[in-house]
Every structure is written in structure tokens, then in C-alpha cells.
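Participant: For reference, the chains in residue letters:
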Amino acid sequence: MSTTTVETPAPAGEKRPAGAPGRTRRRGEQSRAASLASHAVLIVASLTALFPVAWLFFLSLGPDKDDYLHPGRIWGKMALDNYAFVLQDTNFFHWLKSTLIVGLGTTLIGVVVAASTGYAVSRMRFPGYRKLMWVLLVTQMFPIAVLIVPMYQILSDLQLIDSYLGLILVNCTTIVPYCAWLMKGYFDTIPFEIDEAGRVDGLTPFGTFARLILPLAKPGLAVAAFYSFLTAFGEVAFASTFLLSDDKYTFAVGLQTFVSEHDAQRNLMAATAVLIAIPAALFFYLVQKNLVTGLTAGGTKG
Amino acid sequence: MTVVIDRATGKRRGEREPRPGPGRRLKNGFHKHWYAYAMIAPVAIVLAVLVLYPLAYGLYLTLTDATSLNTARTIGVNEIDATYKFIGLDNYADILWGPTAYDRFWSHVLWTVFWTAACVALHYGIGLGLALLLNQKLRGRTLYRMILVLPWAVPTFVTVFGWRFMLADGGIINSGLELLHLPTPSWLEDTFWQRFSAIMVNTWCGVPFMMVSLLGGLQSIDASLYEASEMDGAGAWQRFRYVTLPGLRSVSTTVVLLGVIWTFNQFAIIFLLFGNTAPDAQILVTWAYQLGFGQQPRDYAQSAAYGILLLSILIVFTSFYRRWLNRNEQQLAI
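For the protein sequence lines, the chains are W and D, in the order given.
Quick note: the first sequence uses this note's numbering, first residue 1, plus one each step.
Quick note: the second sequence uses this note's numbering, first residue 1, plus one each step.
Okay, chain W solo, but in the shape it has when bound:
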């Protein structure tokens, strides 16, 4: 033990004697050892983050459904057959269509409905304000278990089971309050003086909202839209319950169909998973910067 401690250079700057030889380190710079350690930890973490996805991709190249148990065999016979099969002979494009309809529908309703509320709770204090905020917060944390049974009953009364509209409406239960919160956070960052100026110039509150604030809030609206879309895209419980026919499944449900009790076509499943994951991840990376600032805007302001 003692040898190791002697060999490692002092990790933190202040431990170094004042007159020590060598370059003086500036603030924020690190000793070599500390920076090596940082890199080591980050590399391990990155590999951990990367591996499951990379592995999925690797398995998707193996043509047999049990290849995931013998990954070594894949090397010799790598092929894109799985992808060809998934694209040509499964319901992949039906699922894509469903996912897009449900995702975009939810996004549209969520953003349109929630925008004015976000503005109202950001700027106005009216009787019932606190109650409304509380309802918005509580609705976001509804476990799916609370609504799923009554929703199932209601939708089946309305003959909306197995329809896109039903699923969009159900998704809206969580999306609408969340969008309202998100947009309130964004509207809070727009200076109040703009509203005042608008009012002085004779605009009504609606006019201020529609003509001054909404155009300024486009990035905020975009964040809410991205978030709604990604949420609807990845939603599992409602989609599994309310969609019944194979060609109406969203990706989240469709992907499960490859593994049934009798048969597990894991190779096809892996290929489909990759086909879903790549565009989703690309989209996420495109929007992530906005998404992250949007989600934490309220938080970081302190």
C-alpha cells in the first residue's frame, strides 16, 4: 500500500507545497492522475451506456433466432436478411403509420390545448390558481393503473377500443398537464415587460398572448411538442391495452409480437428494434439540447 501512495502524485492542487517545482496549475485544471481517473470512469460509464444498444445491433445481424445464445457464430454469417424480412414481410410499415398517427395526434392536441393555460398560469393570478397547479401536478403522477380500467370501460362504451382516436385521447391525460407545466416554465422566462408593452399599446390579454408571446415562445412550444411525441412514441401500457388488431399496433406493442408463447423470433425482433431505435435516437439527438434546457429551465433558474 505504502508504495502506491508514494508513487501517485498529489491529486489535489492545494496539497502541493507552495514552492514546489514545475508548472503551476491554473484553476479548473487537474493533476494528471485525477484526469486519468476521470477518463477511466467516463470510459467505463460510456461503455456501459453503449453496450446494450451495440449488442442489440450485433444480434440483429445473425440470421437464426437462437443466435443470441451463440454470438460467436454470428461473425461467420453476418447478413442483413433480418432487416429485409422485417421491412418486406411484417407489419413494420403499418406500425410505423400507427405510431406516427398516435404520436403526432397526441402532440397536436397536447400542445394546442395546453399553450394558453401555460400562459395563464405563468402571468395571471386568479382565484383557483393554486388548485389548478395542484391538479396539473397530481395528474402528471397518475399511475396508469388509476385510469386504465375506467378508460377501458368508457372507451368500450364509446366503441373506441382499437381506434387511434381512443389511444390519442388516453395519451392526452398525461400529456396535456405536462405540456402546461412545461410551457409555464418557458413563459416564465419571457420578460413581463413585453406583456406590459403590449397592454399599453392596447392589446387584450388574448392579443398579447397570440401576437407577442406565442411567436417568442416557439422554442418552448417545440420542446413541449418533442416531449409529447417521444412520450406517446414510447408509451406501452395504454397501447398494449387499447389496441387489438395487429396492423394498428404502435411500435411499442408490435415489437412484443415477435416473442409469443410458442415462438420467439428474436433475430427479427432485434432487427426491428434497431430500425426503431436509430431514427428515434437521431431525432432525440437533434432535439436533446432544447429538450434538456426546456425540462430543467425552471430548475436551474433557482
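Any given hint could be a false lead.
Computed cross-link-like contacts, DSS-like style, restricted to lysine-lysine with a CA-CA straight-line distance of at most 27 Å [what the hints assert, rightly or not]:
1. K289/W x K218/W
2. K65/W x K77/W
3. K137/D x K289/W
4. K32/D x K131/W
5. K131/W x K27/D
Anything over 12 Å on all C-beta distances counts as not near chain D; from chain W, calculated [as the list claims (entries may be wrong)]:
6. D89
7. T90
8. I194
9. E196
10. G202
11. P219
Estimated spans, in silico, between C-beta atoms of each pair [what the hints assert, rightly or not]:
12. F240/D x T48/W: 18 to 28 Å
13. V138/W x V109/D: 46 to 56 Å
14. L108/W x D190/D: 42 to 52 Å
15. I45/D x P63/W: 48 to 58 Å
16. D222/D x P63/W: 55 to 65 Å
17. G128/W x F320/D: 18 to 28 Å
Keep in mind the hints are simulated off the structure, nothing from the lab.
The C-beta atom is built at its ideal place from N, Cα and C for all residues, glycine as well.
Place chain D on chain W using the hints.
Facilitator: Chain D alone, transformed into the frame defined by chain W:
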């Protein structure tokens, strides 16, 4: 003191205009705030129709013995009317202290609480660690950040299937362990390891959000605070303890609350990782779903009752959390 003086003169009350009646007040309030109400109307309507009405309906269902066998349904051309009946609070009594209460409810409550605490602690701990590492001047930190966000970028339902391949008997993880001559647990069959894998997968999925949020928080801390504390002779630990942590407080309180709620309600990971095969690794949410949709006959009433209980737990938790925040003079920054 003022009160006494007011009483003494006995005037204040008389001088004030008479309070308008409730109808009048409503009208005044409406006059003053009607645009606010008009603006929240769309959300209020959507919430009333899509949330409150189903919630009330669900509450009613919990007081009945509705299952898929006695609710209204259509078989072929025959329409069968609902025959379930009102049974009062029997469902709740049965869940909370019926003969199978421990096996079905309380054991799941314990596991859910443990699951939530463990996952959020891991998310926060690892997320904070990585955020601190990424917040220093380091070569390639943008690349690291991009890679580390990946678990968040890929939809959860996709990654869970990836993990299922890895955790399967003979999957890559067990092959690797075998190579190292370590024991190879059956991750997806054994109760303990099921729970272990569930926490592991959820941690993997949840860390990026925490990391990114906390990184944002770290970057918003004023650098001069660090300089000042360094001038005062604060060591690395002291700077962390007295500058970083307080600076992160408002982000932390928010992400921890969100983390608790999300983890408590986490459906996709456990549902997709195990399906119906793991009764003991189900958390309350997935268990309620299984009662309502994963078995025959479907027990709608009990499932809804579970839902109501779950919601109550969350509301109680959030109320206490907010009160605790208020007592410490912090605001929830959602």
C-alpha cells in the same frame, strides 16, 4: 395590538362596505378574471372529461364487484348487460386486510418502496457523479456526454428487449460470468435476481436524465463562488459540500420528486422484462395492471382499487414533500 384598537373605536367594521353576496362576488371575480378562465378553459375541459370523469367512474367501480365476466360486453351479435353489483368498501378491506393481503398487497408495497428508494438513490448518485466529472475541463467531454445520454435517446421499450437478450440464460452476461468462473444466476427466473435485474435496467435507463439535469444545475452555479471559497482555503470536499450541493438544491429537489414519481409508476421496464412470469418482482403498478388485464377473469374492480390506493400513496408523499420543502423555505421548481 391593532385588533384591540380597532375594537376600541368600534368603527372599522361599520365603515367597511357590506360584503357582496356570493353571486355578486362570483360575478365580480368573473369580470376581473374572465380572460384567465377563458385561457385555462381548454385544459380544464380536457382534464374534466379525460381525467376527472374516468377517475370518478373508476372510484365507483372500486365499490362494485366488476370483472370481465359481469360487465357489459358483446359476444358475437349478443349484447350482454352488466350484472355487477355494489359491494361498498369490500374491495379495499379485502386488499388491505383480507386473508391474502400480505401476499398480494403488502409484500408488493414493500418491494415497490424499496424499488423506488433504491432506483432513485442510484439514479441520483451515479447521475451526480457523472455530472461532476463532465463539468470539469476535460478532453472529449462533449463526446462522453453524447454517449452517456444514449440510454435516454433510445426508447425504453427497445432497450428492455436488448437487456432481455443479454440477461437470458446463455445470454452474453452469463457467458461472460462463466468465462470468469463466477456464478451465473438465472436473471429472469429467480425472484431475487429478477428484482436485481429490474433495478439494474431501470438504473441504466434513468441515469442520463439525472446526469443532464444536474449538469445543467452545475453549470448555473456562479464560478466566482468557487474562487472565493478557494481563496478562503476550502478544500475540494468543502467546496463540494458548501458550494456545489447548496447550488444544486433547487434542481435536486425537483429531479428527485420527478424521479420518485416516475420510478414509482415505472410500467414499461418491469412489464416488458418479465411479462406475467414474475409475480414477486411486480411493483404495484404492474401488479394492478395484471389484475385488470393480465389474467382471466379480469378483475376490474380490484385493479381500479389498487389504482386508487396507488394514487393516494403518491398524493400523500407529494404533500409531505412539498410541506417539507416549504418548511426549509425551498420552492419546487417544476
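Participant: For a C-alpha distance cap of 27 Å, please report whether K65/W and K77/W respect it.
Facilitator: holds, 13 Å
Participant: If we take the beta carbon of G202/W, is the closest beta carbon in chain D still more than 12 Å away?
Facilitator: holds, 15 Å
Participant: Under the criterion that the straight-line Cα-Cα distance not exceed 27 Å, is the pair K32/D, K131/W satisfied?
Facilitator: With a Cα-Cα distance of about 18 Å, the restraint between K32/D and K131/W holds, given a limit of 27 Å.
Participant: Is it true that D222/D and P63/W lie within 55 to 65 Å of each other by Cβ?
Facilitator: holds, 57 Å
Participant: For a C-alpha distance cap of 27 Å, please report whether K131/W and K27/D respect it.
Facilitator: Status holds; Cα separation ~20 Å.
Participant: Quick check on a hinted range of 18 to 28 Å for G128/W and F320/D, using CB atoms only.
Facilitator: Because 24 Å falls inside the window, the suggested range holds.
Participant: Per the hint of 46 to 56 Å, is the separation of the Cβ atoms of V138/W and V109/D within bounds?
Facilitator: Because 20 Å falls outside the window, the suggested range is violated.
Participant: Would you say the C-beta atoms of L108/W and D190/D sit inside 42 to 52 Å of each other?
Facilitator: holds, 46 Å
Participant: Confirm or reject the statement that P219/W sits farther than 12 Å, beta carbon to beta carbon, from all of chain D.
Facilitator: Given a closest Cβ separation of 16 Å, the condition holds.
Participant: Using the beta carbons of I45/D and P63/W, state whether their distance is inside 48 to 58 Å or not.
Facilitator: Given range 48 to 58 Å: holds, Cβ gap about 53 Å.
Participant: Take a quick look at I194/W and tell me if its Cβ sits farther than 12 Å from every Cβ on chain D, holds or violated.
Facilitator: holds, 17 Å
Participant: Can the restraint linking K289/W and K218/W be considered satisfied, given a maximum Cα separation of 27 Å?
Facilitator: At roughly 15 Å apart (the allowed maximum being 27 Å), K218/W and K289/W satisfy the hint.
Taken one by one, the earlier hints fail for this structure only at number 13.
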